[in-house]
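Enquirer: Produce the entire structure from the sequences given, and follow the hints as far as they go.
The chain contents come next:
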Amino acid sequence: MENKEKILEVENLCVSFHTYAGEVKAVRNVNFHVNRGETLAFVGESGCGKTATSKAIMRLWNPPFVEIKDCSSMKYNGEEIMDMDKKRLQALRGNEISMIFQDPMTSLNPTMTVGKQIMEGLMLHRHLNKEEARKEALNMLRMVKIPDPEKNLDAYPHQLSGGMRQRVMIAIALACEPSILIADEPTTALDVTIQAQILDLLSNLKKEMNTAIILVTHDLGVIANFADRVQVMYAGQIVERGTTQEIFTEAKHPYTWALLSSVPALAKENKQELYALKGTPPDLLLPLNHCPFAARCEYCMQICKEQNPMETELTGTHKVSCWLQHPDAPKVESFYDRRKK
Amino acid sequence: MQTIPKDKFTIVGVEPDSADIIARPPINYWKDAWRRFKQNKIAVIALIVLLLLVFMCIFAPIFSPYEYETIDKEARNVGPCAAHWFGTDKLGRDMFTRVWIGGRVSIIIGIAGALISMTVGCIYGGIAAYFGGIVDNIMMRIVEVLIAVPYLIVVILMSVVLEDSNIGTLLLAMTITGWCGTARFVRSEMLRIKNEEYTLAAQLLGVSPWKIVTRHFIPNTMGIIIVNITFSIPGYIFSEAFLSYMGLGIQPPGTSWGALASAAQSQFTFYPYLLFFPVLMIALTMLCFTLIGDGLRDALDPKARK
Amino acid sequence: MGKYIIKRTFFAFLTLIAVVTITFFLMRSIPGDPLAGMARALPEETKQAFYAKYGLDKPLFEQYLIYMKGLFHGDLGESIRYAGRPVMKTIAETSPISGLYGGIALVLGTLTGVILGIVAALNKNRWPDYIVMFIAILGTTLPVFVLISLAQWVFGVKLGWLPPSGWGELKHMILPIAVSAFGSVATYARYVKASMLDTLDQDYVLTAKAKGLSDFQVITRHVLRNSLMPSVTIFAGSVVGVFTGAFVTERMFAIPGIGFYYISSINNNDYTMVLGTTVFYAVLFIVMQLVLDIVYTLIDPRIRVSGKK
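Protein chains in written order, with this note's numbering: chain A, 172 to 512; chain B, 36 to 341; chain C, 3 to 311.
Simulated from the structure, these hints should not be mistaken for lab results.
Ideal Cβ placement from N, Cα and C applies to all residues, glycine included.
Fair warning: there could be bad hints in the mix.
Below, in silico cross-link-like pairs of lysine-lysine (BS3-like), each with a Cα-Cα straight-line distance of 25 Å or less [as the list claims (entries may be wrong)]: (1) A/Lys246 x A/Lys177; (2) A/Lys287 x A/Lys301; (3) A/Lys502 x B/Lys43; (4) C/Lys126 x B/Lys73; (5) C/Lys126 x A/Lys257.
Rough simulated footprint, nothing fancy, chain B against chain C, three-plus residues with beta-carbon under 8 Å [as the list claims (entries may be wrong)]: (6) 144 to 156; (7) 166 to 179; (8) 282 to 290.
Expert: Next comes the structure, spelled out in structure tokens:
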């Protein structure tokens, strides 16, 4: 398990959307890394920059409407993604880093058979001929456990159910055995039972291929079962990061507390009302020089409204950006712990 | 780390209001659409030009010293000059006045034609979609039959059958099957909305059919219908010009841009200005409606709303 | 799938009968005597003989049945204006002329329009887009008779490169083809651009990009087919558009095509000719639509495989 080779290092990533209303800074100076073979989860509310970050890693955003700022650095295996030319990027996409999207209903080309869509990547990156690619595609369909793969290889997407289509998406993404798989809310659009199947499938494939997974989700349940490390994002920034264990048992950021408190706990005997965080995240159009969570935070202090907190390192893996970690700050008991009692 | 005064570290918590203030005020759909339309400079210019044209059509003939049908034998085929800004035709009639009078007919036909076919189409398509089943089936088969005859043929046949060509008969000829396209498209829009989750939710909540129609169906199709009206107006102005060329259009002494242009085209090498002004007006109007339509489509499409 | 085609064909047939019926009674309801224009000077007996010849002395409904019967045998009656000249013969002689230059114009115009639409979509908000949209708008803002006047004047009179009108030689065809194609260019450029931009926004295009396909591969393999498919549905309209647009084109260029005769038969009150030609147009349109409907089901797997729309 001690496989700590960094496969991806992201430093100071800034992504801006240029809209008619002005520049929306969707991702603000984000730093993180991914180790070979691990699962890193991004969690946060809608619009907090999770998807913007994951698409930026593959440079899938189209300028000029979306801009990855020059200050950003993303190193894949030590190679700077920001400096890659078109050719290199194409060789990277689908081969070394690949991605599956949220909605399997619209993510497959409706006029191309499933088999052909899987074969495309194989022929491109592994230079297989048609027959070899077809054989390999068939293997992939078996691997993602699609029933009757021979028949479904020639099926069109509309003939398959949502869960099956997401399996096909996974087959496409994993066909070339990439080192990193970015899964952008892979189960959000699916039934709960199908969700579990897809996640099981992903975690088995991950072990088999030693692929690192970046899992983007807002579902803490998924993370608890599936991720090695978690990064909590809020308003385009990472506010807390740590191992799954650390985030679920020793969370230090009030926003993380809020997220954890809003998950229903089935085992609880005395049923209590679910916690609902009031308000909405700040408008990313505006400059943000203070703690982004200040306006919604129960423990908000004067300083929170004036300065953005630095990241405090609690353990080698657990880091949090919150003024409550300052030596002068009062010691508070999280309401999450309080509720657990 | 810089020193921070200790008093900054007292918990103030959430101010009761601050969390509930939504960062951006909610914007009314039409206000928002108007705001976006205004940002499209080309569309705004087109709108201004169009309003100017309409203004001239209404007022220019009133303040012009000439009547549009007055024949002046002394001033035949005069080129544009101070007395006659757009010149005169072979009967000595003032073209400036005639162009704006013709504009009235063309624009009225364009707008009325679009409105009539849109209204009929909306009602027809709406009824078909609302009742569904066999009613829908029969109604749509009828439309299919009507659509099967090429549009211009229908217009020609109707104009021949109706004989007397005035604005009313022309409009009838042009809209008699003109609404079919709208009916089809309104029906499919309605069916789409009928199956949307929010309509189902409203039905489950026991909202009355009337309210569902006025709250969900109409507002959600309004934008796309307005865009359609804008795009179909040029079509009617064109059809009228075509009929005029065929000799089936508005009859003298009445006139329209199409009639003026087709009368002038046979001798335009000699009197180019007779063709130039009506054609310029037609082209400008077409262009304005097309550009406004483009602007409206971008502004009114709720899917593009971010 | 087979069932779907049979059903479509059956409905097309019903539509056709309905259209013929409506047109027939519409033509008969035209005020005035169909023979009035020419028969006034004729003695009564000759007039009666005329009526008998064209079956106009029979009750209206019987006339209709006779007409329908003739129609199934490919007989559209005789021209009233030019006695002894079957309508069918006129159509058979004139339509190939319209079909020839119209067909060339249609193919050239559609191809150019599609290509320009693609170019505009791929260069959105850059100069190629602006040029294409300028051409497209020009094509939709000028009435066709003005366009023809200008073309005749510039190329026929001013530059003297081509004959301004006439028919028979290759050089006579160039201007009519160019003018007729212009409309298709404008229509398809706009349509294809819009549909292409729509396709480029689809999620599966992102999937294709994430696979590592080059821009060229993404467009040729995933975008083109999906964005060109809908334009098949407007092609039926273009085909008939070439024929009906020919009313003006043929009259101004003096081309002896079907549109030319259609207009002169309207002006001559030649009712059988008008009726026959209208039926011809309707048949053309309905058949075109049926064919394209079937073509569409063949190229779209969503309909082909599940067998319904």
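Enquirer: Take the hints in turn and mark each one as holding or not.
Expert: So, going through the hints one by one against the coordinates:
Among the hinted pairs, lysine 246 of chain A with lysine 177 of chain A is consistent with the structure: their alpha-carbon atoms are about 9 Å apart, no more than 25 Å. As the CA atoms of lysine 287 of chain A and lysine 301 of chain A are separated by approximately 9 Å, the hinted pair is consistent with the 25 Å bound. For the proposed pair lysine 502 of chain A and lysine 43 of chain B, the alpha carbon gap of about 14 Å is at most 25 Å, so the pair holds. With a C-alpha separation of about 21 Å, the suggested pair lysine 126 of chain C and lysine 73 of chain B falls inside the 25 Å cut-off, and the hint holds.
Restraint check: the Cα-Cα separation between lysine 126 of chain C and lysine 257 of chain A comes to about 20 Å, which is no more than 25 Å; the hinted pair holds. Residues of the segment 144 to 156 of chain C lying with their CB closer than 8 Å to a CB of chain B number 7, which satisfies the three-residue condition for coverage. Taking a C-beta to C-beta cut-off of 8 Å, the segment 166 to 179 of chain C contributes 0 residues in contact with chain B, too few for the three needed, and the coverage statement is violated. Residues of the segment 282 to 290 of chain C with a Cβ under 8 Å from some Cβ of chain B number 4, which satisfies the need for three, so the listed coverage holds.
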